[in-house]
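Based on the sequences and whatever the hints tell you, model everything.
There are 2 protein chains.
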Amino acid sequence: MCIKREIPLGHFQARSQQLPALPPRALSTGLAPKEEPEASVPAAMLRRQLLAWPAWLFRGPPGPRGACALGAEGRPVGPLARRGCCSAPGTPEVPLTRERYPVRRLPFSTVSEQDLAAFERIVPGGVVTDPEALQAPNVDWMRTLRGSSKVLLRPRTSEEVSHILRHCHERNLAVNPQGGNTGMVGGSVPVFDEIILSTARMNQILSFHSVSGILVCQAGCVLEELSRYVEERDFIMPLDLGAKGSCHIGGNVATNAGGLRFLRYGSLRGTVLGLEVVLANGTILDCLTSLRKDNTGYDLKQLFIGSEGTLGVITAVSILCPPKPRAVNVAFLGCPGFAEVLQTFSTCKGMLGEILSAFEFMDAVCMQLVGRHLHLASPVQESAFYVLIETSGSNAGHDAEKLGSFLEHALGSGLVTDGTMATDQTKVKMLWALRERITEALSRDGYVYKYDLSLPLERLYDIVTDVRARLGPHAKHVVGYGHLGDGNLHLNVTAEAFSASLLGALEPHVYEWTARQQGSVSAEHGVGFRKRDVLGYSKPPEALQLMQQLKALLDPKGILNPYKMLPSQA
Amino acid sequence: MCIKREIPLGHFQARSQQLPALPPRALSTGLAPKEEPEASVPAAMLRRQLLAWPAWLFRGPPGPRGACALGAEGRPVGPLARRGCCSAPGTPEVPLTRERYPVRRLPFSTVSEQDLAAFERIVPGGVVTDPEALQAPNVDWMRTLRGSSKVLLRPRTSEEVSHILRHCHERNLAVNPQGGNTGMVGGSVPVFDEIILSTARMNQILSFHSVSGILVCQAGCVLEELSRYVEERDFIMPLDLGAKGSCHIGGNVATNAGGLRFLRYGSLRGTVLGLEVVLANGTILDCLTSLRKDNTGYDLKQLFIGSEGTLGVITAVSILCPPKPRAVNVAFLGCPGFAEVLQTFSTCKGMLGEILSAFEFMDAVCMQLVGRHLHLASPVQESAFYVLIETSGSNAGHDAEKLGSFLEHALGSGLVTDGTMATDQTKVKMLWALRERITEALSRDGYVYKYDLSLPLERLYDIVTDVRARLGPHAKHVVGYGHLGDGNLHLNVTAEAFSASLLGALEPHVYEWTARQQGSVSAEHGVGFRKRDVLGYSKPPEALQLMQQLKALLDPKGILNPYKMLPSQA
Numbered sequence: 001m002c003i004k005r006e007i008p009l010g011h012f013q014a015r016s017q018q019l020p021a022l023p024p025r026a027l028s029t030g031l032a033p034k035e036e037p038e039a040s041v042p043a044a045m046l047r048r049q050l051l052a053w054p055a056w057l058f059r060g061p062p063g064p065r066g067a068c069a070l071g072a073e074g075r076p077v078g079p080l081a082r083r084g085c086c087s088a089p090g091t092p093e094v095p096l097t098r099e100r101y102p103v104r105r106l107p108f109s110t111v112s113e114q115d116l117a118a119f120e121r122i123v124p125g126g127v128v129t130d131p132e133a134l135q136a137p138n139v140d141w142m143r144t145l146r147g148s149s150k151v152l153l154r155p156r157t158s159e160e161v162s163h164i165l166r167h168c169h170e171r172n173l174a175v176n177p178q179g180g181n182t183g184m185v186g187g188s189v190p191v192f193d194e195i196i197l198s199t200a201r202m203n204q205i206l207s208f209h210s211v212s213g214i215l216v217c218q219a220g221c222v223l224e225e226l227s228r229y230v231e232e233r234d235f236i237m238p239l240d241l242g243a244k245g246s247c248h249i250g251g252n253v254a255t256n257a258g259g260l261r262f263l264r265y266g267s268l269r270g271t272v273l274g275l276e277v278v279l280a281n282g283t284i285l286d287c288l289t290s291l292r293k294d295n296t297g298y299d300l301k302q303l304f305i306g307s308e309g310t311l312g313v314i315t316a317v318s319i320l321c322p323p324k325p326r327a328v329n330v331a332f333l334g335c336p337g338f339a340e341v342l343q344t345f346s347t348c349k350g351m352l353g354e355i356l357s358a359f360e361f362m363d364a365v366c367m368q369l370v371g372r373h374l375h376l377a378s379p380v381q382e383s384a385f386y387v388l389i390e391t392s393g394s395n396a397g398h399d400a401e402k403l404g405s406f407l408e409h410a411l412g413s414g415l416v417t418d419g420t421m422a423t424d425q426t427k428v429k430m431l432w433a434l435r436e437r438i439t440e441a442l443s444r445d446g447y448v449y450k451y452d453l454s455l456p457l458e459r460l461y462d463i464v465t466d467v468r469a470r471l472g473p474h475a476k477h478v479v480g481y482g483h484l485g486d487g488n489l490h491l492n493v494t495a496e497a498f499s500a501s502l503l504g505a506l507e508p509h510v511y512e513w514t515a516r517q518q519g520s521v522s523a524e525h526g527v528g529f530r531k532r533d534v535l536g537y538s539k540p541p542e543a544l545q546l547m548q549q550l551k552a553l554l555d556p557k558g559i560l561n562p563y564k565m566l567p568s569q570a
Numbered sequence: 001m002c003i004k005r006e007i008p009l010g011h012f013q014a015r016s017q018q019l020p021a022l023p024p025r026a027l028s029t030g031l032a033p034k035e036e037p038e039a040s041v042p043a044a045m046l047r048r049q050l051l052a053w054p055a056w057l058f059r060g061p062p063g064p065r066g067a068c069a070l071g072a073e074g075r076p077v078g079p080l081a082r083r084g085c086c087s088a089p090g091t092p093e094v095p096l097t098r099e100r101y102p103v104r105r106l107p108f109s110t111v112s113e114q115d116l117a118a119f120e121r122i123v124p125g126g127v128v129t130d131p132e133a134l135q136a137p138n139v140d141w142m143r144t145l146r147g148s149s150k151v152l153l154r155p156r157t158s159e160e161v162s163h164i165l166r167h168c169h170e171r172n173l174a175v176n177p178q179g180g181n182t183g184m185v186g187g188s189v190p191v192f193d194e195i196i197l198s199t200a201r202m203n204q205i206l207s208f209h210s211v212s213g214i215l216v217c218q219a220g221c222v223l224e225e226l227s228r229y230v231e232e233r234d235f236i237m238p239l240d241l242g243a244k245g246s247c248h249i250g251g252n253v254a255t256n257a258g259g260l261r262f263l264r265y266g267s268l269r270g271t272v273l274g275l276e277v278v279l280a281n282g283t284i285l286d287c288l289t290s291l292r293k294d295n296t297g298y299d300l301k302q303l304f305i306g307s308e309g310t311l312g313v314i315t316a317v318s319i320l321c322p323p324k325p326r327a328v329n330v331a332f333l334g335c336p337g338f339a340e341v342l343q344t345f346s347t348c349k350g351m352l353g354e355i356l357s358a359f360e361f362m363d364a365v366c367m368q369l370v371g372r373h374l375h376l377a378s379p380v381q382e383s384a385f386y387v388l389i390e391t392s393g394s395n396a397g398h399d400a401e402k403l404g405s406f407l408e409h410a411l412g413s414g415l416v417t418d419g420t421m422a423t424d425q426t427k428v429k430m431l432w433a434l435r436e437r438i439t440e441a442l443s444r445d446g447y448v449y450k451y452d453l454s455l456p457l458e459r460l461y462d463i464v465t466d467v468r469a470r471l472g473p474h475a476k477h478v479v480g481y482g483h484l485g486d487g488n489l490h491l492n493v494t495a496e497a498f499s500a501s502l503l504g505a506l507e508p509h510v511y512e513w514t515a516r517q518q519g520s521v522s523a524e525h526g527v528g529f530r531k532r533d534v535l536g537y538s539k540p541p542e543a544l545q546l547m548q549q550l551k552a553l554l555d556p557k558g559i560l561n562p563y564k565m566l567p568s569q570a
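Protein sequence lines correspond, in order, to chains A and B. Okay, so the first sequence: first residue is 1 according to the numbering used here, each after it adds one. Okay, so the second sequence: first residue is 1 according to the numbering used here, each after it adds one.
Derived from the structure by calculation, the hints contain no laboratory data. Where hints are given, some of them may not hold.
[What the hints assert, rightly or not] Straight-line alpha carbon distances no greater than 27 Å define the calculated BS3-like cross-link-like pairs of lysine-lysine that follow:
#1 K450/A <-> K476/A
#2 K476/B <-> K450/B
#3 K349/A <-> K349/B
#4 K324/B <-> K429/B
#5 K324/B <-> K349/A
#6 K557/B <-> K150/B
#7 K557/A <-> K150/A
#8 K551/A <-> K150/A
#9 K150/B <-> K551/B
#10 K324/B <-> K349/B
#11 K324/A <-> K429/A
#12 K557/A <-> K551/B
#13 K324/A <-> K349/B
#14 K324/A <-> K324/B
#15 K551/B <-> K551/A
#16 K557/A <-> K557/B
#17 K551/A <-> K557/B
Take a look at the structure:
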């Protein structure tokens, strides 16, 4: 009853009149009746109101543009998805990186017939030289970089990787390790004719411990497949990201991917327990332990987490999976301003505490683009900002009560003007799709300039406003979204096509702005080819020098993923 | 009512007759009455029964032995506590490390009058050469190692540390960084005449962000003081350990200390956001960022976390503090066997989920020693094993209900034969003291052989049984306790005095046993001087070689904490 007094009830009433009520099944929280706290009636009432699911969330099937298949979760699947399914056949060819950017080939050898014969001996049937087959792995996900590799190798074992690298090291051949090729910074495609070393066939699960949740697998396992595997065993992967259907766990670790569960389960630097890595000279470094604690010397695996294949090739991963939460709730809310988004986050942290597992935000333009290009409609009334809150916990009743109290407060105090909530897995995924598919919607909008920044929360959205004003009509759209809970903004700018003058208006402005806030110019996407010359905005010269020294120590010939990660001038 | 049927009620009744009931205040959970779930009556009843606090937990004040002051939390405080307060004046002098162990001084320079004058210019008033004052910092906490340093320096700033190291590097003078000198592996005391570089005066808090909980402070801040500071601001430190009253945060990070909150908040590799480090040649490496996500290049700070001062001297730390939980409950339980301990853990993880913040265990001998030497009595009936479970959450009612259900189940199914529970801060700390002060009790029992192992859970206690049988009457006591939730066993053996034959019976046996289980021979204590030659049991030769290469890269003259961390033979 108290809620009816505090919430702008008219709105919720209107919605529940307008839409068919969900069947009782959909209201289920998976909680045994005896555990339903009797005291929580008001929260339960609120929950029922919020759960009224707008049937018009999805206006229709995805449009015919492109050849993408859409998976059960509304994300593109299949081979095209690997490189941005939105580029249908007939899309203009991606310019060669070496022609678009001022980069000079380093004096590596070129692959000879003898090399190919040697590779064929190492990985029989795993040497790809067909130009057609090499097109896709030469182009990055965003279709803005293109290498000209003539060879792709598909080893199955660490020993094969070792033999390959030993050969390449001796012959001074450059190597570009490649997982799912879903990176955002051009770290996974060759710049010139580097040999592509694909982990696609290294996709075996090596062990899983059903009590501890420790998974050991080869580097080429696809994240979504691992998720499915561990979820069947009542665990979840500690990371989740939009590219899960294609990305490889080895690539995730090499990138130190953040993603959607970072807020709750932390960085891969904590959840990765061990790695097997093949060094540049072919040495297999076995740090594939499955121990939560191990202080026997320097934690060498940390060198390879986030080093994007420039110090070694990750061949196997040991990772700690958290228990699958018994209850997952998602609330999707509209906020009138960014100040309210921040206050909602603060309130949320206090009231949801340990069950808060994600706090994502997107601005109104993101929602418009998701609607326009992907035909997804907002489940809540038009707002300046939208927030997606996920809770994961062990007791559905408790979680619903906490979330109910929070929503009651947020609606009552005007932080949030409208909201919807889901417990049912399918609907949870549909709400998530609004947030996860922004990248895809942006790709369909045109050429995308992408910035992935860490900023102090209180300044997080200022850069979006600033850039929008700065570019005016020169940009098609300027949007801000991201992992607010981690202080991580994705600032994206779309335009009809690549333009050097627009780039000039964006850079170094965005980086300088970020540096003034002591932010990071790459929060989670990494450095790759694209960001290697902007590290100085976030790292002092002493740090860059030490990076160079580490590279020289571990890969003295520089054959591993050259032209990536390290500043070109240093 | 159902609980009365399921729990061995007689025991609880007997106890509540025997002991005065706690005043209602002590039963408070800090929860506003309106939030008390009406449905949780049975759990609440159980809680009330369990909360009956045994007044005889503390039989009396600590005995007169030694000169220890005991702090409010029952842990020794003051300067003596720093090095094991149990060694009263008059205790035989600790033998010099160089005389007891086969170690040869490396060809470093010795400190000259000119060096002292230079140091005096760098840190005016911060050069200690008084032999009396140098006694304590030359001896380790366990009083089994003694160096013969003639100089201790007490800088206040990173710049002073930089000048000191630049001088030492030029002059080829060895340096032993020292924080609170509470390490367990002899990493914090000199072996020969290394200059002791103390962080004691680098104890300033540099900033604290009241929304994000990010604390930036100098390396010499004492952990307990930081805890107090952030707790006043509604946050907690992400780590807690028995030595908190003396240990420095810089030392914690250099050791990659685990401790009592690891299960919940994870490793320092995740919670430390940034470091400032002075390299061997005096270069200040500023990686002191305060960002949750930062993928701008190699994560250099990871090199220094857990490297025990051998690669650089940590001078400042940026660390993410979790919000202070609104409710903390501790249950102390007796289990009839180790199988039941494991099953209790498994049940606990499922039923307490996200609020479980610690799962510690100790065996019956630990409890006997804590009783004998520290006059602490068990709050539960005599059992083969004891388990301490802590929950930390945002809603006292929910947490109590979860814990209540769990305890009901554990008692009902015979996993646990007796238990007590505390919510009140003072009593929570008294229960924790039983676990935290085991180390102290062991020190009072005699010479202690300490092993800190990571092992697969199902084999965790087997090594204790094995060693007990192996040593028979040659050992005074063989005990096992530790952070079961992290797979971390502390195996300790006490004897009247150090004996080479007992050591011979223990080593390499314990290490070989651990290696056969793919365990770690140092879970959280680190390597220091004591463990440097056993790394090979947990690390392959390729890893040891890379460690040596990293050491050579960062400290080519080897002046930083020599004779530590790296194998002596390599």
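Cross-check of the supplied hints:
1. K450/A <-> K476/A: 14 Å, holds
2. K476/B <-> K450/B: 14 Å, holds
3. K349/A <-> K349/B: Between K349/A and K349/B the Cα gap is close to 23 Å, so the pair holds against 27 Å.
4. K324/B <-> K429/B: Holds: K324/B and K429/B sit about 16 Å apart, inside 27 Å.
5. K324/B <-> K349/A: Roughly 11 Å separates the two Cα atoms, so the pair holds.
6. K557/B <-> K150/B: Status holds; Cα separation ~21 Å.
7. K557/A <-> K150/A: 21 Å, holds
8. K551/A <-> K150/A: Status holds; Cα separation ~26 Å.
9. K150/B <-> K551/B: 26 Å, holds
10. K324/B <-> K349/B: The hint holds at about 21 Å.
11. K324/A <-> K429/A: 16 Å, holds
12. K557/A <-> K551/B: 21 Å, holds
13. K324/A <-> K349/B: With Cα atoms ~11 Å apart, K324/A and K349/B stay inside 27 Å; holds.
14. K324/A <-> K324/B: 25 Å, holds
15. K551/B <-> K551/A: 15 Å, holds
16. K557/A <-> K557/B: 25 Å, holds
17. K551/A <-> K557/B: With a Cα-Cα distance of about 21 Å, the restraint between K551/A and K557/B holds, given a limit of 27 Å.
When each numbered hint is compared with the structure, no violation occurs for any of them.
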